[in-house]
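Asks: So you can see what is in the structure, the chains are spelled out below.
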Amino acid sequence: MQPARKLLGSAKMPGELDSGAMHVWIAEKLEVIVFRNAGRIRIFSSICPHMGAQLQCHRNNSIACPWHGLCFKLGQAKGEVESNHRKYRRIREYEGEIVNGELRIYE
Amino acid sequence: MNKARHIIRTVIKNRSRFPIDIVWENAQDLEHVQFLHSRTNKEFHLLYAGKENNSAFEYDIMIYRAKRRLLYFFSFESIGFRRIITDYNIHQVEYIPLFATTSSLNSLLVKSDDPEYPTLMVDEVVMEVPRLLFLLKHWVIKSLHRHARIQCSEDEPFRERRALLRGKGITLPFRIFNDSVWERLCAKFEVRS
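Residue numbers (this note's numbering), protein chains in the order written: chain A, 3 to 109; chain B, 15 to 207.
Mixed in with the good hints there might be a few duds.
Unchecked claim - Pairs of lysine-lysine residues, derived as DSSO-like cross-links and limited to a Cα-Cα distance of at most 30 Å, are as follows:
hint	chain 1	residue 1	chain 2	residue 2
1	A	K89	B	K65
2	B	K81	A	K80
3	A	K75	B	K182
4	A	K75	B	K56
5	A	K75	B	K202
6	B	K81	A	K89
7	B	K182	A	K89
8	B	K125	B	K27
9	A	K75	B	K81
10	A	K89	A	K31
11	A	K31	B	K27
The set of hints was computed from the structure by calculation and includes no laboratory data.
A quick note: this is a predicted structure, and the numbers were derived from the prediction, not measured.
Just need the whole structure built from these sequences, with the hints factored in.
Replies: This is the structure in structure tokens:
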């Protein structure tokens, strides 16, 4: 039996995910970007760790900062990313699901 | 003897819907120009950024190389130096080899009484240009105003985002993003005294 996952927060999705990546504020300090990648939902923090720009998804296989060009190429495994910057190596990935138009994020 | 030089001078005013502190963060950040202002800037390379003693600023002086766009499809290179004079005031000098032109900028932010636009940006530009360019003075001035107006409108979403984050208590202060060429290359020196 799988251990119960801790719910971090939930929010209504602004539309159908099939139309592309979406940004959702889950909590006061947590904004995420949600998109489909290789048939599954990927959810990352969308607040750029440098200065907080809203990260954008490119071709569903990388996320990048529109202000300074910080880019994370996505691997297949959860949390597997390759950064183009030596200081900003990681971007947090969350587990989650969409239930009846509501995005639920887990620890 | 130096060739005769001609001076073009203009003052450009723009305003922002955001507080002066947020506009100031944006003004100090030059590295965003090639991404956020790709219509008017093609490249930006940080050559050097340095702090003076006990300075509270992220940098006091900056040297850079940039490629500016003119009418989008045409670009030209410039070498620039900027110094933060005090809060809300930056001086900047750029040399543009292609046009044999040197331009200087006194960029000043001022609080405004207008509740809708609380920050006024005043850019004073003084250019030393060859005679041929001086004959096109009105076109040059028009281009400078257009360039500043486009950049200001493109910067407003940046400032809006920074204001949103600040309102949520997310504090990510302005930081230089790239290692400078100085840091990257001088660190490789092997011959020491």
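Asks: Quick check: which numbered hints come out false for this structure?
Replies: Structure breaks hints 2 and 11.
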